[in-house]
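Protein sequences, first through last, are from chains A and B.
For the first sequence, my numbering begins at 509 and goes up steadily by one.
For the second sequence, my numbering begins at 509 and goes up steadily by one.
Some hints here could point you the wrong way.
One copy or two, either will do: identical chains are not told apart, so a pair holds if it fits within one copy or between any two.
Said to hold, decoys possible - Pairs of lysine to aspartate or glutamate residues, derived as DMTMM-like cross-links and limited to a Cα-Cα distance of at most 25 Å, are as follows: (1) Lys570 with Asp593; (2) Lys797 with Asp651; (3) Lys796 with Glu758; (4) Lys754 with Asp610; (5) Lys797 with Glu627.
No wet-lab data here; the hints were simulated from the structure.
Protein chains: 2
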Amino acid sequence: MPTLIDFRQAYAGRRVLITGGLGFIGSNLARTLVGLGARVSIIDSLQPDYGGNRHNLAGVAKDVKVHIADVRDWPRLPRLVRGQDFLFNLAGQTSHMDSMSDPQTDLDINCRAQLAILEACRLHNPQVRIVFASTRQIYGRPDYLPVDEKHPLRPVDVNGINKLAGESFHLLYARVHGLPATALRLTNTIGPRMRIKDARQTFVGVWIRRLLEGQPIEVWGGRQLRDFTYVDDAVEAFLLAAVHPKAVGEVFNLGGPPPVTLKQLAVQLVAANGGGEFLVREFPAARKKIDIGNYYADDRLIRRRLGWRPRTSLATALERTVEFYRVHRRHYV
Amino acid sequence: MPTLIDFRQAYAGRRVLITGGLGFIGSNLARTLVGLGARVSIIDSLQPDYGGNRHNLAGVAKDVKVHIADVRDWPRLPRLVRGQDFLFNLAGQTSHMDSMSDPQTDLDINCRAQLAILEACRLHNPQVRIVFASTRQIYGRPDYLPVDEKHPLRPVDVNGINKLAGESFHLLYARVHGLPATALRLTNTIGPRMRIKDARQTFVGVWIRRLLEGQPIEVWGGRQLRDFTYVDDAVEAFLLAAVHPKAVGEVFNLGGPPPVTLKQLAVQLVAANGGGEFLVREFPAARKKIDIGNYYADDRLIRRRLGWRPRTSLATALERTVEFYRVHRRHYV
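Based on the sequences and whatever the hints tell you, model everything.
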């Protein structure tokens, strides 16, 4: 990473709390932070339908303090946020379809609990440096491509509405209450430790699972353009945003290598796997109603302001991810 | 109202539910609907800090079924929405300052309960024609004036964030689930039956109270431009939106007579009262952080699509309002 910030110096010995820390990005962040010498604590609900998985900390578990707790459990929050230097706030409900069938749960996690976390910080640790995992979902169907941070926010599903409120609370608390918070709007993130059991976190997970099990991938539609951030690059963005003075109170898109169609992605994934098949199918009706069409991010703002850039090509990202699940699949299915 | 829709024909004998129906706009709507021959039910929490006031139904109380209930009390909602032809959804927490000091209560009422109301409709009465009371607060500080419906949505306080989510849920349920819902983005609404005890609903209320009590008005800042809708005009907009086929799934700004500065408003209000004083004061710091500066609405969309227009001049609105509180003040302080 071509940055002036030395992550080891920034994080060694520092206290870091990660909500959703047994999940996909949270656990990769925790592992990196352990390597940097940080004192890492995690909150994770380990709800079966979500991204948390104890195996995600394999090899570093003894270096991480894990609180099995739900961010909706407000009374526990003050004690957990007190004394932390950094809060990486990644706990969330990620499934768009689940948000439509059970909207209140999505609201309670992505909106109501976020406000409770921020209130706990405001009252008990207003200095804690916060980075919030937001999502490209809050843009809805793009008016133009690539989508920059000025694009209108018009979420198309309950998840997007709640994530937008959650992000807005973070930026409001930065502006009005002086909490040093940053929001990163993530696009599709892929890599080791993502959920592959089903499509609740990312459809790429279930694609990889099917390939590894000798099943054909189901590609819905196929022509939609998407960009993909490799998880190591996303982790670097979080680490950078939390220590860069120009990140406070700001919101940044994360992007990735040049976008591809879902069909191109399927072709590349089959190649990364060294074989396999895919079928192109019609979009299911319920899914179509909340689909956003083409999306890829304009991430020039974070490149310019913080010096971040995605460093991993899509081919490498897919190869590393397939390789990981070839070895660890049994812990994820 | 120069419209082809005959309100008496549209509402006579029809079942209408009004949430927040003992409040300012809700009660004026209820009174009008009783006059049109509708079968009116009301939900109101009658919380002391909110807008509900039993006196608001004086003279029509026997014609309205009042449920003292909180929209946060979900188990009661299905029974209440079942069988209704119209739902005017006006229950809300309106104070910007309260939303900052007690953000979770604002969220529970303006965001979480709204989703519960919509879920109750989706499951138990998906045909019910819904009109939601949204607010200009969701625009935040205007980029340009007058503000039309395409203006970016960037709320500056917790109340605005939650009201935006509440509105978004209504439009999402219209688009995805086919619920016939409309949202009206209200600007400052004034008139008989508004809260005058304090500034929780509108600062104009407390101004009138002070004048009637022989106290000087406190004008904060004074140069901000605002527009004001008289409540009878707002009521007509709700009645029209609920029956106009072109309103389904849409969102419309309500405006009023030409905007005035707060200082001009104070001058006009003193004139309407036949005397009184005002003092111009500095904005309190906590309030300044969430102030939106100048605002007035571009309401051409609802004029063009539905044929609505504000019909009451500001002078008339202020005179009628002062006159009402001259007679009824003791029920409101």
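To see whether the hints hold, each was checked on the structure:
no., hint, verdict
1, Lys570 with Asp593, "within (21 Å within a copy, 61 Å between copies)"
2, Lys797 with Asp651, "within (17 Å within a copy, 31 Å between copies)"
3, Lys796 with Glu758, "between (32 Å within a copy, 21 Å between copies)"
4, Lys754 with Asp610, "neither (38 Å within a copy, 30 Å between copies)"
5, Lys797 with Glu627, "between (35 Å within a copy, 18 Å between copies)"
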